[in-house]
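*Asks:* The listed protein sequences derive, respectively, from chains A and B. Yeah, the first sequence ends on 774 if you go by the numbering used here, and it's all consecutive. Yeah, the second sequence ends on 175 if you go by the numbering used here, and it's all consecutive.
FYI, nobody ran anything at the bench for these hints, they're computed from the structure. The structure displayed is predicted, hence computed values, not measured ones. Beta carbons are placed, not taken as given, at the ideal position from N, Cα and C, and that holds for glycine. Just so you know, not all the hints are guaranteed correct.
Residues of chain B placed beyond 12 Å of chain A at every Cβ, according to the derived structure [as the list claims (entries may be wrong)]:
| no. | residue |
| --- | --- |
| 1 | L24 |
| 2 | A59 |
| 3 | E130 |
| 4 | R153 |
Within a straight-line C-alpha distance of at most 20 Å, the following computed SDA-like cross-link-like pairs (lysine to any residue) qualify [claimed, not checked]:
| no. | chain 1 | residue 1 | chain 2 | residue 2 |
| --- | --- | --- | --- | --- |
| 5 | B | K147 | A | K685 |
| 6 | A | K722 | B | K147 |
| 7 | B | K159 | A | V716 |
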Amino acid sequence: MAPLNHAKDGLGSIVMTTVEDFLRWGQSNSLWPLTFGLACCAIEMMSAQDSDYDMARFGSEIFRPTPRQADLMIVAGTVCKRMAPRIKTLFEQMAEPRYVIAMGACTINGGPYQYTYSVVQGVDKIIPVDVHVPGCPPTPEALLQGLIKLQQAIRSREGRPRPVPFSPAELSEVSRS
Amino acid sequence: MSAPTDLQERFPSAVLQVGALDDGLPLLCVSPEALASIAAAAKELGFDYLACITGVDYPSDDQIEVIYNLYNYHRREALVIKVRIPRGVARLPSVSGVWRAALFLERETYDLLGVHFEGHPELKRILLPEPWVGHPLRKDYDMNRQQFVSKGPQGEDIVSFDPQEGW
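Could you put the whole structure together from the sequences, leaning on the hints where they help?
*Replies:* Take a look at the structure:
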């Protein structure tokens, strides 16, 4: 989509775009996450939402208490085996198109809970994950970076976003700013 | 008189050892038959708070040790009671009649170590799903066989060793 350089000075009052691009743009800027925290990562997720980090800047402020009204699941915390089928049900109840951010080491691959009897070794074993946010726990900046990556992927023309890997350089760039 | 020696005088045959843990907490090792009466006596002495019930598996001795952490809020003193029972028939009298906190703590010890507390009104698993196979804190629990949990039509837990059947 063309940048809205003249949106406020009245010079460019016509913006050329396609319906599809416009829909993607709207979708990426109105992601409604599910109110859903499993462990300590959820504290950082709440922090990303509150006034210090203000996730609302990216159109993602409305945490919905029901999966029917949400289209983004931030899996924040250790996924126990007993919770796994419930997470799957919640994911299936969410509105399409739906996206998943796997937040933190536990959610990515089990993290510190390796070789245990009770922890799922990565939430991507049960539901498709779009963005992995590493850290134990990730900082709110890292979660915002993950959200921005997801928005970029939605806006791109490649359809359903692929999992976007992080590089350490990108992470330090975010935490410096 | 301190509480451990008091209990030792009242139950001379049941108290096997009086000592202290490494961090200084008074320790009482008792025989399983007298556990119920010793627990009641400890409550009378003012140990009104059962902080924790936990257990350790000692396969080399073929025994399971169950540990009760008590606290007396009036005199601010702690007491640790240890009981050893055989692994094969891991049975102990329930102390849920003495401290209600034992209702959940005994269920947890049953869940993870397979100790059966006789007289507990509802002894079932508390953390793991009910059809789970084995007790994970036992040393002979097979960690190489992963179990998978799925949800039945009524919301009940289904446990399977087959990852295709799980989630």
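*Asks:* So, against the hints stated earlier in the document, which numbers end up violated here?
*Replies:* 4, 5 and 6
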